[in-house]
Amino acid sequence: MKNLVQVALGVLTAIGGFVDIGDIVASTATGARFGLALAWVLVVGTTGIMIFAEMAGRVAAISGRPVFDLVRERLGAGMGLANLLASFFITLLTLAAEIGGVALAIELATSVNYLLWVPLVGIVVWVVVWRLPFETMDNTFGLIGLALVVFLFAIWRLHPDWAGLAHSALHPTVPQGEGHPTYWYFAIALLGSAMSPYEVFFFSSGAVEQRWTRRDLIINRTNVLIGFPLGGLLALALMCTAAIVLQPQGVDPSHLSQAALPVSLAFGKLGLALALIGIFACTFGAALETCLSCGYTVAQYFGWQWGKFVKPAQAPRFHVVVLLSILAGTLLVLTTIDPIQLTEYSIVLAAAALPLTYLPVLLVANDRDYMGDKVNSGASNLLATVYLLLLLVVSVATIPLLVVTKAGG
Amino acid sequence: MQAAGRVLDAGLKLLDRQLIDSQGMLAGKVDDLELTPSEDDPKVLYVTAILAGPGALAGRLGGRLGHLLERVSNRLRDTAEDRPARVPFGVVKRIGSAVDLWVAKEHLETDRVEQWARQTIIAKLPGAGDAPQ
Amino acid sequence: MRLSELLGCEVVDERGRSAGKVHDVRMVQDGPPIGQFGASLRLIGLIVGRHAIGARFGYDRGAMKGPWLLRQLAGSGSRSGRYVDWELVRSVDPAGARIEIAGSVDDLSPPEPMP
Chain A
1 MKNLVQVALG
11 VLTAIGGFVD
21 IGDIVASTAT
31 GARFGLALAW
41 VLVVGTTGIM
51 IFAEMAGRVA
61 AISGRPVFDL
71 VRERLGAGMG
81 LANLLASFFI
91 TLLTLAAEIG
101 GVALAIELAT
111 SVNYLLWVPL
121 VGIVVWVVVW
131 RLPFETMDNT
141 FGLIGLALVV
151 FLFAIWRLHP
161 DWAGLAHSAL
171 HPTVPQGEGH
181 PTYWYFAIAL
191 LGSAMSPYEV
201 FFFSSGAVEQ
211 RWTRRDLIIN
221 RTNVLIGFPL
231 GGLLALALMC
241 TAAIVLQPQG
251 VDPSHLSQAA
261 LPVSLAFGKL
271 GLALALIGIF
281 ACTFGAALET
291 CLSCGYTVAQ
301 YFGWQWGKFV
311 KPAQAPRFHV
321 VVLLSILAGT
331 LLVLTTIDPI
341 QLTEYSIVLA
351 AAALPLTYLP
361 VLLVANDRDY
371 MGDKVNSGAS
381 NLLATVYLLL
391 LLVVSVATIP
401 LLVVTKAGG
Chain B
1 MQAAGRVLDA
11 GLKLLDRQLI
21 DSQGMLAGKV
31 DDLELTPSED
41 DPKVLYVTAI
51 LAGPGALAGR
61 LGGRLGHLLE
71 RVSNRLRDTA
81 EDRPARVPFG
91 VVKRIGSAVD
101 LWVAKEHLET
111 DRVEQWARQT
121 IIAKLPGAGD
131 APQ
Chain C
1 MRLSELLGCE
11 VVDERGRSAG
21 KVHDVRMVQD
31 GPPIGQFGAS
41 LRLIGLIVGR
51 HAIGARFGYD
61 RGAMKGPWLL
71 RQLAGSGSRS
81 GRYVDWELVR
91 SVDPAGARIE
101 IAGSVDDLSP
111 PEPMP
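Protein chains in written order, with this note's numbering: chain A, 1 to 409; chain B, 1 to 133; chain C, 1 to 115.
If you are wondering where the hints come from, they were derived from the structure by calculation, not from laboratory data.
Please note that the accuracy of each hint is not assured.
Partner residues aside, some chain C positions facing chain A, computed with beta carbon under 10 Å [as the list claims (entries may be wrong)]:
id, residue
1, R2
2, G58
3, M64
4, K65
5, W68
6, L70
Here are the simulated lysine-lysine pairs, DSSO-like style, with alpha carbons at most 27 Å apart [to be verified]:
id, chain 1, residue 1, chain 2, residue 2
7, B, K13, A, K311
8, C, K21, A, K374
9, B, K124, B, K13
10, B, K43, C, K65
11, B, K43, B, K13
12, C, K21, B, K13
Small disclaimer: the values here were computed from a predicted structure and weren't measured.
For each residue, glycine too, the CB sits at the ideal point set by N, CA and C.
Produce the entire structure from the sequences given, and follow the hints as far as they go.
Here it is, written out as structure tokens:
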């Protein structure tokens with residue numbers, strides 16, 4: 001019975017924790033500009049993160065080694081360091097974006113400028129990471145994040161043209177007024193929002209934090225196979241509501257309030273409140289995950305003791321890195337850079353950096369010395385290889401598209 | 001104890017592996033190996049120590065970045081000596097997917113930067129010594 | 001000396017022909033006892049010329065089988081590797097990243113795969 005509760009908790013946390021500021025911005029923007037023409041990318045991205053996270057979780061459970069530990073072992077010290085610098089930088093950007101997202105959500109609720117909230121958010125993020133036990137932290141914000149389900153209900157309430165929506169999703173075309181390069185740029189952004197590297201660092205390190213073993217593989221599988229697709233459904237709901245409400249008006253969303261607009265149209269103040277609570281919980285939870293991931297990547301490359309499963313005094317360098325990362329992220333947001341733009345950059349660069357961490361995980365997942373009989377099956381290898389090739393293509397295409405489309409402008 | 005006569009490729013089996021101390025705590029990575037000539041025949045080289053820490057890693061990375069890393073790490077370790085932190089090979093217990101050690105990390109030279117971080121920063125924050133969460 | 005000083009060195013034979021760069025170093029555990037480890041590790045040979053990535057990926061060992069595509073890409077590099085017995089080494093110049101060996105590169109054979 002307790003196991004069933006644990007499994008259910010894991011699934012619910014995975015659903016509520018799936019969405020972060022990157023998903024919110026990407027799904028809303030693509031919904032508003034392209035309708036459902038990019039919905040297929042959410043399917044591809046969600047499947048991708050499922051494959052990636054399942055492998056990383058399995059590797060962590062069987063070998064006891066999280067992703068970045070393996071990156072150095074498989075790529076060597078030199079390439080591993082290059083990988084670390086890229087991954088850390090992008091995770092730090094994402095952390096800043098999440099802190100910005102939390103501040104924006106509070107601004108929407110209080111009408112007090114987000115910049116004034118940023119330092120407070122930074123401090124609270126650090127205090128929570130410092131004091132709250134890992135599982136409590138993970139579960140709390142994951143569960144509260146389920147409030148985003150209001151977007152799903154909003155679709156019904158808005159009485160959309162179902163046939164039209166279905167057609168737009170199943171027969172993707174680039175709408176009038178948008179170019180093809182922009183379409184593909186947004187496709188990459190959407191993919192990066194669904195397949196964030198930090199999620200995998202966090203997921204695999206979390207598996208070690210929670211002392212997963214062989215017996216927990218089933219939890220790993222259920223979290224991933226049930227939780228992630230349902231989480232992806234929430235992102236799809238964001239895209240849908242934006243397509244229904246914002247696209248006909250030709251709105252190009254540049255404020256978080258526009259993401260929540262469809263819900264307030266559907267359910268009024270109550271709906272808006274739920275949406276804001278959901279957005280707050282998701283972005284705050286993601287801020288916790290990203291700052292820990294900043295610590296995980298650095299500590300795991302250098303071999304330092306890391307984790308919340310030991311006393312902070314036993315992992316001092318890890319905690320210093322986490323603290324400095326939160327500080328850096330907070331300062332970055334305080335430079336008054338547009339948080340939405342910051343988010344867009346973080347997800348696009350994340351998409352470009354995916355092969356760096358995906359490859360070592362794929363290799364170790366095939367290594368019998370580490371995995372015993374739990375190596376990838378031939379079928380999963382085929383799928384995993386297809387994704388690797390896809391990620392390489394995405395990686396190469398990102399910077400050119402970024403330049404050509406002037407960052408989706 | 002390792003079986004005698006075992007053959008291994010050092011780059012694959014030793015370099016960049018995680019060091020785990022006698023308490024199961026993580027104690028750094030094998031950044032480099034110290035090779036010492038035999039007293040009888042200088043052409044014969046034995047592995048006498050594992051080198052770990054920024055100073056040793058600097059040697060692997062080479063170039064200006066490497067030298068900078070090495071100088072910074074020597075300063076942090078509070079030593080005038082111009083060499084990286086050394087883990088004598090005699091404390092190695094087992095070479096597997098990680099390298100297990102016979103001693104606790106506090107006894108290793110490589111722990112100095114960790115201790116510095118603990119004393120200078122972490123110990124000043126409330127709750128640093130609280131039970132793990 | 002440090003292991004890193006050997007890695008990356010160019011190995012040249014008596015006639016100045018290059019066998020490639022050192023990518024790994026083979027050791028046997030038959031030296032004098034050291035601390036609580038047992039017999040110490042003795043350097044017995046150099047793995048030269050093999051594309052480092054393939055070996056790193058682990059496809060030399062029997063334990064790695066898939067995925068098929070990566071195995072193909074990695075495998076094409078590993079067949080060009082050569083093993084240099086330490087006895088053949090005449091001089092080591094870490095600063096110049098150069099190791100001179102006796103004999104000819106043609107006499108070198110590929111390394112025996114490790115289990």
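For each hint, the structure was consulted:
{"no.": "1", "hint": "R2", "in the structure": "13 Å, violated"}
{"no.": "2", "hint": "G58", "in the structure": "6 Å, holds"}
{"no.": "3", "hint": "M64", "in the structure": "5 Å, holds"}
{"no.": "4", "hint": "K65", "in the structure": "7 Å, holds"}
{"no.": "5", "hint": "W68", "in the structure": "7 Å, holds"}
{"no.": "6", "hint": "L70", "in the structure": "7 Å, holds"}
{"no.": "7", "hint": "K13(B) x K311(A)", "in the structure": "31 Å, violated"}
{"no.": "8", "hint": "K21(C) x K374(A)", "in the structure": "36 Å, violated"}
{"no.": "9", "hint": "K124(B) x K13(B)", "in the structure": "39 Å, violated"}
{"no.": "10", "hint": "K43(B) x K65(C)", "in the structure": "38 Å, violated"}
{"no.": "11", "hint": "K43(B) x K13(B)", "in the structure": "23 Å, holds"}
{"no.": "12", "hint": "K21(C) x K13(B)", "in the structure": "19 Å, holds"}
The structure fails to meet hints 1, 7, 8, 9, 10 from the earlier list, while all remaining hints are met.
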